[in-house]
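Number of protein chains: 2
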Amino acid sequence: MPELELIAAIEAALRRPGKRVLTGPGDDAAVVRAGGVAVTSVDTLAEGVHFTLATHSHADVGHKALAAALSDIAAMGAEPGEAYVALVLPPGASEQAALELVAGMDELAGEAGCAIVGGDVTGGPGLVVSVTVTGWADSEEQLVYRSGARPGDLLGATGALGGSECGRLLLDGLEAELAPDRRDELLARHRRPVPLIAAGKALAGAGATAMIDVSDGVATDAAHLAERSELEVSVRMADLALAPGVDVVAAAAGRDAAELGATGGEDYELLFTAAPGSRPTIEEAAAGAGASVAWIGEAASGSGLRLLDAAGQPVTLRGYEHLAG
Amino acid sequence: MPELELIAAIEAALRRPGKRVLTGPGDDAAVVRAGGVAVTSVDTLAEGVHFTLATHSHADVGHKALAAALSDIAAMGAEPGEAYVALVLPPGASEQAALELVAGMDELAGEAGCAIVGGDVTGGPGLVVSVTVTGWADSEEQLVYRSGARPGDLLGATGALGGSECGRLLLDGLEAELAPDRRDELLARHRRPVPLIAAGKALAGAGATAMIDVSDGVATDAAHLAERSELEVSVRMADLALAPGVDVVAAAAGRDAAELGATGGEDYELLFTAAPGSRPTIEEAAAGAGASVAWIGEAASGSGLRLLDAAGQPVTLRGYEHLAG
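Residue numbers (our numbering), protein chains in the order written: chain A, 1 to 325; chain B, 1001 to 1325.
Some clues are possibly wrong.
Claimed, not checked - Under the rule of at most 20 Å between Cα atoms (straight-line distance), these lysine to any residue pairs were calculated in the SDA-like manner:
no. : chain 1 : residue 1 : chain 2 : residue 2
1   : A       : K19       : A       : A198
2   : B       : K1019     : B       : E1100
3   : B       : K1019     : A       : E111
4   : B       : K1019     : A       : K19
5   : B       : K1019     : B       : G1036
6   : A       : K19       : A       : G35
7   : A       : K19       : B       : S1139
8   : B       : K1019     : A       : G35
9   : A       : K19       : A       : S139
10  : A       : K19       : A       : E5
11  : A       : K19       : A       : A97
12  : B       : K1019     : B       : Q1096
13  : B       : K1019     : B       : R1033
14  : B       : K1019     : B       : G1123
15  : B       : K1019     : A       : S139
16  : B       : K1019     : B       : A1198
17  : A       : K19       : A       : G110
18  : A       : K19       : A       : E107
19  : B       : K1019     : B       : E1107
20  : B       : K1019     : B       : G1035
21  : A       : K19       : B       : G1113
22  : A       : K19       : B       : D1138
23  : A       : K19       : B       : E1111
24  : B       : K1019     : A       : D247
25  : B       : K1019     : B       : G1113
26  : A       : K19       : A       : R33
27  : A       : K19       : A       : D138
28  : B       : K1019     : A       : E140
29  : B       : K1019     : B       : G1110
30  : A       : K19       : B       : G1110
31  : A       : K19       : B       : G1035
32  : A       : K19       : A       : E111
For the record, the hints were derived by calculation from the structure and aren't laboratory data.
Nothing here was measured: the structure is a model prediction, and the numbers come from that model.
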């Protein structure tokens, strides 16, 4: 199918009007009504690196690429606005596959209140999807940066950790004795992550001082918060809320469950800090947005990441030594 | 070099502050002060499809990817704001190559008044660069869409056509008797296209009714104007201003020079319509922005593209029949 016809078919599939959108696909550029502050993030998925088509449908890939970018908008406490999609199709890619990918993305866009309003479709050496999402807030004061943590702040994490990594291990062929529903949940955590838009806005409004989404794993992302906030962040491994089934999968893989929860990426939960006095407000706000909160550590003067075992003693995870201050 | 270190090196190389930028790279998302309307375009270049590293340096690739996206902003009459870059590096890509690509992009960003403030760097199956650029205008009234042409409007094109396609032919190994300087000009037209930011704003301010950048070739891009404006656009092939050397290269390739000028892509000139009465204002505004204007056709009731020879008779270019109304 010629490129221009495919683009027209994609445009026809994207008829969701964004509330800020003055002109969507079809002109030299998309035009949106602007105001306040714009918050923009880019996420890119490449075949063979971030996914394989043996274990992901095209719709999964579309969903996941948009989810990763939306999760960054959530972690700023902003409201999703518009998405711009660069789609690179390998030789022999079918029109059907491209449209399924866009449909998977569009379904999530609808759930997240985001409009896909522009992009580019080209041939290339393999399947690559890059999504740029712009979110909006009335003012910078409504946003939460990675840099705002203060000594004495508590470290919290929404939801449950390690599920996406377990899903990845299962897709890679790991055998584990799981009920079919549980197994499906873990696969879905990996293939169809849910960006926590409402929770991000709720946490921002309830006084979170710093926030980041858990894309690289709690240990690495906590280290990012520590670095940007110029202090030390400690994580109590025993207090991590693990996704149901992580214990079984970790055992099957010969790994420690808490270590898997601390290092597994792509959970797209929110990791944040808040003053101890904000704790009840934070919990209530998160619950109102459908998210649970586990308090897993704290911020202190110093630098780097400190991982603690159940007895409060420092733990070293192999490969993570460089994150210590 | 690990991905995070490369990202840090790229961030360190991008120290150009944008006037709207509140937070650049390093957080979950970039944050900019917004207002009026935001105008956003995406362009993607993939190795083996849009360029080869045998004929393009990494700096050329960075320049060209940003130039293509900026050209769309120019064609809206908007002012460039921020660029977001997705960089996909193939196995074995060097840090040096990635930094050269970003440096080539950053140099053009500086010339165009654009700030590179976010992005993503990942591995992938081949070199892919996708650039999302946001431009700004105070209001939608300042912008020029593809859809605004009216019957009786004149069709104009800035600068000179066919140069980029000739550069491509020369890079592909075509032998043509050109002075070295002329040859270098044509190669530069292909490898380092210049987005016409100032001319775009000037033409928009001087009353252009519709505008598009010449990325697919004048014939195809005039057909886009015709389709979006719901009228017929005619192009007088004999009136196209051809880049110096196009006659020589066309002869060497056994092609008609005007046909090469009408169909060659990636010139990134601006193609626009204007009421006959705006002609002097348009010419003056373009000259003030350093651009010449050739009047090459007109818009009329009807539909599709009409190509005319020097005697005013319809011409059919092979492969372009479907663009007729």
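Tested hints:
1. A:K19 with A:A198: Holds: A:K19 and A:A198 sit about 18 Å apart, inside 20 Å.
2. B:K1019 with B:E1100: violated (25 Å)
3. B:K1019 with A:E111: violated (34 Å)
4. B:K1019 with A:K19: violated (27 Å)
5. B:K1019 with B:G1036: holds (15 Å)
6. A:K19 with A:G35: At roughly 13 Å apart (the allowed maximum being 20 Å), A:G35 and A:K19 satisfy the hint.
7. A:K19 with B:S1139: holds (17 Å)
8. B:K1019 with A:G35: holds (16 Å)
9. A:K19 with A:S139: Measuring from Cα to Cα gives roughly 19 Å; hence the hint holds.
10. A:K19 with A:E5: Cα-Cα ~27 Å, so violated.
11. A:K19 with A:A97: The hint is violated at about 29 Å.
12. B:K1019 with B:Q1096: violated (29 Å)
13. B:K1019 with B:R1033: Roughly 9 Å separates the two Cα atoms, so the pair holds.
14. B:K1019 with B:G1123: violated (32 Å)
15. B:K1019 with A:S139: Distance ~17 Å between B:K1019 and A:S139 Cα, so the pair holds.
16. B:K1019 with B:A1198: Holds: B:K1019 and B:A1198 sit about 18 Å apart, inside 20 Å.
17. A:K19 with A:G110: holds (12 Å)
18. A:K19 with A:E107: At roughly 17 Å apart (the allowed maximum being 20 Å), A:E107 and A:K19 satisfy the hint.
19. B:K1019 with B:E1107: holds (17 Å)
20. B:K1019 with B:G1035: It holds: about 13 Å lies between the C-alpha atoms, which stays within 20 Å.
21. A:K19 with B:G1113: Between A:K19 and B:G1113 the Cα gap is close to 29 Å, so the pair fails against 20 Å, i.e. violated.
22. A:K19 with B:D1138: Given pair A:K19, B:D1138 holds - Cα atoms ~19 Å apart, limit 20 Å.
23. A:K19 with B:E1111: violated (34 Å)
24. B:K1019 with A:D247: Status violated; Cα separation ~50 Å.
25. B:K1019 with B:G1113: Answer holds: B:K1019 to B:G1113 is near 9 Å, not above 20 Å.
26. A:K19 with A:R33: It holds: about 9 Å lies between the C-alpha atoms, which stays within 20 Å.
27. A:K19 with A:D138: Distance of about 15 Å is within 20 Å: holds.
28. B:K1019 with A:E140: Given that 20 Å is the threshold and the Cα spacing comes to 15 Å, the pair holds.
29. B:K1019 with B:G1110: Given pair B:K1019, B:G1110 holds - Cα atoms ~12 Å apart, limit 20 Å.
30. A:K19 with B:G1110: violated (33 Å)
31. A:K19 with B:G1035: holds (16 Å)
32. A:K19 with A:E111: holds (14 Å)
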